[in-house]
Amino acid sequence: MRKTIVSLFLMALMLPWTASAQDVHGINILNFKMSTDPSGLVTQESAQRLDHLKWYLGGMFSYAYDPLRILEDGDDAGSVISHQLLMDLSFSIGIWKYFQVGVNMQAVMYQTGDDAGDMGFSGAGKLKAVALSDLRLVPKVLLLQQSKFGFGLAFLPILTLPTATSDANAGDPSLVFEPRLVIDRRFGHGLFLVGNLGYRMREAKQVANLMVDDEIVVSVGAEYPILPKITLLGEIFGSIGLSDSKTDADSGIDMEEAPFEAVIAGRWRHDSGLIVTGGLGRGLTSGYGTPGLRVFVGAGYVAPVKAAAVVGDTDGDGLADDVDKCINEPEDKNGFEDEDGCPDAAKDTDADGIPDLSDKCVKDPEDKNGFEDEDGCPDAARDTDKDGIPDATDKCVKDPEDKNGFEDEDGCPDAARDTDKDGVPDATDKCPADAEDKDNVEDEDGCPDADNDGDGFCDPWVTEKGLQEKMAGQCKGLDKCPAEKEIINGFEDEDGCPDKGQQKAVITKNSIIILDKIYFQTGKATLLKASYPILDLVVQIMKTHTQLELIEVQGHTDDVGEDAKNLTLSSDRADTVMKYLVSKGIDARRITAKGYGETSPLDDCSALKGFKRETCRGKNRRVEFKILQMGKPVNN
39 MRKTIVSLFL MALMLPWTAS AQDVHGINIL NFKMSTDPSG LVTQESAQRL DHLKWYLGGM
99 FSYAYDPLRI LEDGDDAGSV ISHQLLMDLS FSIGIWKYFQ VGVNMQAVMY QTGDDAGDMG
159 FSGAGKLKAV ALSDLRLVPK VLLLQQSKFG FGLAFLPILT LPTATSDANA GDPSLVFEPR
219 LVIDRRFGHG LFLVGNLGYR MREAKQVANL MVDDEIVVSV GAEYPILPKI TLLGEIFGSI
279 GLSDSKTDAD SGIDMEEAPF EAVIAGRWRH DSGLIVTGGL GRGLTSGYGT PGLRVFVGAG
339 YVAPVKAAAV VGDTDGDGLA DDVDKCINEP EDKNGFEDED GCPDAAKDTD ADGIPDLSDK
399 CVKDPEDKNG FEDEDGCPDA ARDTDKDGIP DATDKCVKDP EDKNGFEDED GCPDAARDTD
459 KDGVPDATDK CPADAEDKDN VEDEDGCPDA DNDGDGFCDP WVTEKGLQEK MAGQCKGLDK
519 CPAEKEIING FEDEDGCPDK GQQKAVITKN SIIILDKIYF QTGKATLLKA SYPILDLVVQ
579 IMKTHTQLEL IEVQGHTDDV GEDAKNLTLS SDRADTVMKY LVSKGIDARR ITAKGYGETS
639 PLDDCSALKG FKRETCRGKN RRVEFKILQM GKPVNN
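Just so you know, the sequence shown maps onto residues 39 to 674 in the numbering used here.
Please note that the accuracy of each hint is not assured.
Claimed, not checked - Straight-line C-alpha distance at most 25 Å; calculated SDA-like pairs for lysine to any residue: (1) K647 <-> G391; (2) K135 <-> L175; (3) K164 <-> D378; (4) K632 <-> T560; (5) K508 <-> K581; (6) K650 <-> K581; (7) K398 <-> D378; (8) K622 <-> A563; (9) K664 <-> S569; (10) K650 <-> G226; (11) K657 <-> I579; (12) K657 <-> L573; (13) K603 <-> Q559; (14) K166 <-> P200; (15) K406 <-> D425; (16) K657 <-> S185; (17) K267 <-> L565.
Since the hints were derived computationally from the structure, they do not count as laboratory data.
Can you make the complete structure from the sequences, with help from the hints?
Written out as structure tokens, the structure reads:
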């Protein structure tokens, strides 16, 4: 008489054996375990992580038909477990920037099978119908992020504690350690690919010809959006036994020691954080624990992280509300207690009888000499031509000094003078104290060209002459390649030299063109972190090229959904991008935002179907940066 432990479709060579009463119910067949990761698939973990202190809680019910059978001389001798209902509970939380900790507990809610004694297991007890499984701890360490390396990579040192009820085929008798590597990548059209590879170290357990020992754990899967908020999932998972026990009569890899299963599922994600998943599965091999049919349904919730409060400026006086003592009344910026945020309406700082609001010289009292006494300024401090030199010492009261570094204290312009000896008279020389560099680039303006190649970085002579501060409105830094424009691609963009590799952002006559997408959460105006690098390049361009006086951030959507909602979504996304640029130091007066909804597509997708139509719609979902006003370089 020969007997073999199998799942529903095992047809393996039988070997003689002798089983003790507890053996048949002592092996762990629970290979299907819910993922602890809301970004993962059904059973697979991903290389993503939750934000700091953001948590996820989920649960799942699954039914398996015939996950463990016995063949005797090739004939069906009965089912050790014929019907099994499982419940999973999973929890995880993000910690700082690179860590996540998850935990999973599984329980057998009900299971039934044929009497083990009738199948030749003399003295075996009855299978326990309800049981607790092992507690799994799933720490995660992020190693690589897709935003920087093109794919995600994480390390998971999974530890399983022996908390299971005995004689229920629900757990291992001792600790199980399973180090695992996870790799994933999300593509622009929404396809998400995941792969897991690990090694499970466990105490060996043998029943008949089945040896459950150390295993290589392998799984692959994918998720793809088919409708708004609805995705289709598929995965194959399993393990390959690596028994080296001398008691294992079948040396090498046997099919019953290589359980593999395939599942397909649908998933719905709601904006509130609710996730619902349901699907089917079945065994691909005759390995232990693989069912003839599996049905599962589950739900989870991702808790939002409360955003830090943004301090506003209600009265628009440049002082934040948390320090402004008069948040509804703007400060009058008269040089007197301007930091308190309150207007000094009736204040007369210099006590000359003229209120500060109408006193042109708040700190200098009027001299009351019968000449322009109403302006609040002493006549000695008056400056008729506004050249910064008081009329009392200005030799040319009505002609402003030209401030060219030559006799600037006399208050008179130096009409035909050529102070810097560059051949351009001071009257037309925009830089009378700095000689023109005669390089055939705007030589008529009399100014040395601080940035010959126009990439926003100062030519070496600016640093050599100590003129960085003076030229701050035209350029910055030190251009190591003054005759070649910098390529903005996220690599050493501050040295002024073109780099090998693809340029990710360029300036044209009408636009700042980005050669990468800006990503948002589906159906929302919330930026994904993968968008930060390309937006930072836009920030750098605007800081470097200060002649870009006004940029319009344009939001565009595809044609899916209602027109009005698409218009609102595009406007919200444009506003989000504008706020990000301002948060990085760009003057809000240089940016405006507008949503165009689905009114300005790049391509017409109406005649396309399937993948081509989704790809076409992906191109139409975009953010553009249009140049509305171009001027001379100025400080940001």
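Margin query: For each hint given before, does the structure comply? Return the numbers of the non-compliant ones in rising order.
Written below: 1, 3, 6
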